[in-house]
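Engineer: Residue numbers (the numbering used here), protein chains in the order written: chain A, 1 to 160; chain B, 161 to 320; chain C, 321 to 480; chain D, 481 to 640.
Quick caveat, the hints were computed from the structure, so don't treat them as lab data. Any given hint could be a false lead.
[Claimed, not checked] With a straight-line cut-off of 30 Å between C-alpha atoms, the simulated DSS-like cross-links for lysine-lysine are:
1) A/Lys123 to D/Lys628
2) C/Lys454 to D/Lys533
3) B/Lys181 to D/Lys628
4) C/Lys323 to B/Lys283
5) D/Lys533 to B/Lys181
6) D/Lys603 to D/Lys483
7) B/Lys181 to C/Lys373
8) C/Lys454 to C/Lys443
9) C/Lys443 to B/Lys283
10) D/Lys501 to B/Lys213
11) A/Lys21 to C/Lys454
12) C/Lys443 to B/Lys163
Number of protein chains: 4
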Amino acid sequence: MMKTWYLHTMRVRYQETDQMKVVYHANYLNWFEIGRTEWVRHAGISYREMEEKGLLLPVTHLDVSFLQPAQYDDVVTVCTHMAEMSALRVRFESKVVIGDLASSHDGVYVGDEPPGETLVEGKTRHVWVNAAWKPVRLDREAPVFHTKLLAQIQSAHSAD
Amino acid sequence: MMKTWYLHTMRVRYQETDQMKVVYHANYLNWFEIGRTEWVRHAGISYREMEEKGLLLPVTHLDVSFLQPAQYDDVVTVCTHMAEMSALRVRFESKVVIGDLASSHDGVYVGDEPPGETLVEGKTRHVWVNAAWKPVRLDREAPVFHTKLLAQIQSAHSAD
Amino acid sequence: MMKTWYLHTMRVRYQETDQMKVVYHANYLNWFEIGRTEWVRHAGISYREMEEKGLLLPVTHLDVSFLQPAQYDDVVTVCTHMAEMSALRVRFESKVVIGDLASSHDGVYVGDEPPGETLVEGKTRHVWVNAAWKPVRLDREAPVFHTKLLAQIQSAHSAD
Amino acid sequence: MMKTWYLHTMRVRYQETDQMKVVYHANYLNWFEIGRTEWVRHAGISYREMEEKGLLLPVTHLDVSFLQPAQYDDVVTVCTHMAEMSALRVRFESKVVIGDLASSHDGVYVGDEPPGETLVEGKTRHVWVNAAWKPVRLDREAPVFHTKLLAQIQSAHSAD
Chain A
1 MMKTWYLHTM RVRYQETDQM KVVYHANYLN WFEIGRTEWV RHAGISYREM EEKGLLLPVT
61 HLDVSFLQPA QYDDVVTVCT HMAEMSALRV RFESKVVIGD LASSHDGVYV GDEPPGETLV
121 EGKTRHVWVN AAWKPVRLDR EAPVFHTKLL AQIQSAHSAD
Chain B
161 MMKTWYLHTM RVRYQETDQM KVVYHANYLN WFEIGRTEWV RHAGISYREM EEKGLLLPVT
221 HLDVSFLQPA QYDDVVTVCT HMAEMSALRV RFESKVVIGD LASSHDGVYV GDEPPGETLV
281 EGKTRHVWVN AAWKPVRLDR EAPVFHTKLL AQIQSAHSAD
Chain C
321 MMKTWYLHTM RVRYQETDQM KVVYHANYLN WFEIGRTEWV RHAGISYREM EEKGLLLPVT
381 HLDVSFLQPA QYDDVVTVCT HMAEMSALRV RFESKVVIGD LASSHDGVYV GDEPPGETLV
441 EGKTRHVWVN AAWKPVRLDR EAPVFHTKLL AQIQSAHSAD
Chain D
481 MMKTWYLHTM RVRYQETDQM KVVYHANYLN WFEIGRTEWV RHAGISYREM EEKGLLLPVT
541 HLDVSFLQPA QYDDVVTVCT HMAEMSALRV RFESKVVIGD LASSHDGVYV GDEPPGETLV
601 EGKTRHVWVN AAWKPVRLDR EAPVFHTKLL AQIQSAHSAD
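One chain only, chain A, in its complex shape (with noise of 0.2 Å):
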């Protein structure tokens, strides 16, 4: 089965840079962020308004592997591929590439790499909490979001 990837292309901002000329390492962890973000927009919710109803989905783990640095003024494609959700958790896996794959492939590409030179990838897990950080199941705390994501991943999984 392939990966879905959502890609959100942009710039790398000068405040992002350090002292080594190339963007400081924790400023992709952002990245990653900014592409769950956009990933949950294309379900057609928006995860401030799953925040606003006090649903919260904290990084509980994450595995990143540097490869190349992006820099200042670079364009580049934030890559998300939900790879897993259940009721309680969630998996994403994150890959920043050089370069403008977003309109070149019109915001999504399926297959098991993205095409492009990866600079960064990495794997986060999360789980459901309430404002409380107490954990919740998403399928009794918020079915329509529930049905929704669950939408997106079965319509990137019929895109194979």
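We have chain A; now place chains B, C and D onto it with these hints.
Structural biologist: Showing chains B, C and D alone in chain A's frame:
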């Protein structure tokens, strides 16, 4: 009347640099904020506690001059003087100077200008608001905090 | 004489918020910088290229008013006007307004004030320096850049 | 063989929080970096000095578990253990625990696990590169640094 500067010394972080190999200019505003937090702590209360009671003190205006850049691993001191406080409004003056002034002056310096080379200096204006961002009077909303902050300003003056 | 505002639209990132649930005030300075980068790009050169030739444009002074806070996932437009340019110095004016002005105005707005609700407005002053942070004259150090930047300012004026 | 943890205590900054009212997850990586900087300082050299000689130590891989979130104004201790060092590669382990461990343990803790509640723990891998990002051997490129770093690791072991 002389100014009373509360001193907080710290080291420049790697993440705070940019590719000019100096501290990115927006980061000085974080340091000003750290200085204000420590100013409040000197008054025997914590800014965190104030926020937990629904009292916020957002910045409404700032004016900053950048004289010399700080560099990674520099030891710098943030000097914070409360220039004005009413029940509605607060004005702070902040200076970042090179070196560890806090140890050599035991945390407080009384005088118009903290000694040593100034890197950055600025003025910030603030208003008291509640959790809904509506302006409030500090003396009505939180009379104990009001009294403690006033006491700190007066003790500063009596140190002249 | 009217002002020419170059418009750059973007979304507020999660990482840019703080626990007041609004954008942390120092982040608006990053947005001003993004606006200046895009201003320069409109002139047919890139700020990155300028830096690679050893020409830097650090901020020496800033003055910012915070009117309304931006929130996570808001669409905002950074509007950038070059208020003055000499061979030694540059002054920019920046405004952040809510909504996507860039699309609706095709990237440029001529007029005293960009339309829509202003969140934050500021003025920054800059000097041209070389890699050793010594002031330089732009017309001598980089005459081609100087010509292109001037051309952009004049084309802005002729748009009046 | 027990681990030797070098301890660095600090306060959580306002700017480090996000709208979940906890520290934004990417910021823990900055703290790990601060811990590594202080580890190197314990060896009698400064990381800044190493960079000035053209020796960089970028992160190539990281693996982080987020157990409990830190909050604004919390006092936290970053604990840093060098797990492996060769002429080519370095591996660090980092833990962030709540409270001021540095004062109570005089800066160093020997044992498998630093005491107290762990908020975040992670492992980072690094390679030595030169200013052109080419891998180098530390013992050839900077034999004095190599000797000092090894001495610190051995002194750590002899403390068992």
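Engineer: Next, verify each hint and record whether it holds.
Structural biologist: Hint-by-hint comparison with the structure:
1. A/Lys123 to D/Lys628: violated, 36 Å
2. C/Lys454 to D/Lys533: holds, 23 Å
3. B/Lys181 to D/Lys628: holds, 26 Å
4. C/Lys323 to B/Lys283: At roughly 28 Å apart (the allowed maximum being 30 Å), B/Lys283 and C/Lys323 satisfy the hint.
5. D/Lys533 to B/Lys181: At roughly 14 Å apart (the allowed maximum being 30 Å), B/Lys181 and D/Lys533 satisfy the hint.
6. D/Lys603 to D/Lys483: holds, 14 Å
7. B/Lys181 to C/Lys373: With a Cα-Cα distance of about 16 Å, the restraint between B/Lys181 and C/Lys373 holds, given a limit of 30 Å.
8. C/Lys454 to C/Lys443: holds, 23 Å
9. C/Lys443 to B/Lys283: Measuring from Cα to Cα gives roughly 15 Å; hence the hint holds.
10. D/Lys501 to B/Lys213: holds, 14 Å
11. A/Lys21 to C/Lys454: Since the Cα atoms of A/Lys21 and C/Lys454 sit roughly 20 Å apart, the hinted pair holds (cutoff 30 Å).
12. C/Lys443 to B/Lys163: OK: C/Lys443 and B/Lys163 at ~28 Å, within 30 Å.
The structure fails hint 1 only (numbered hints given earlier).
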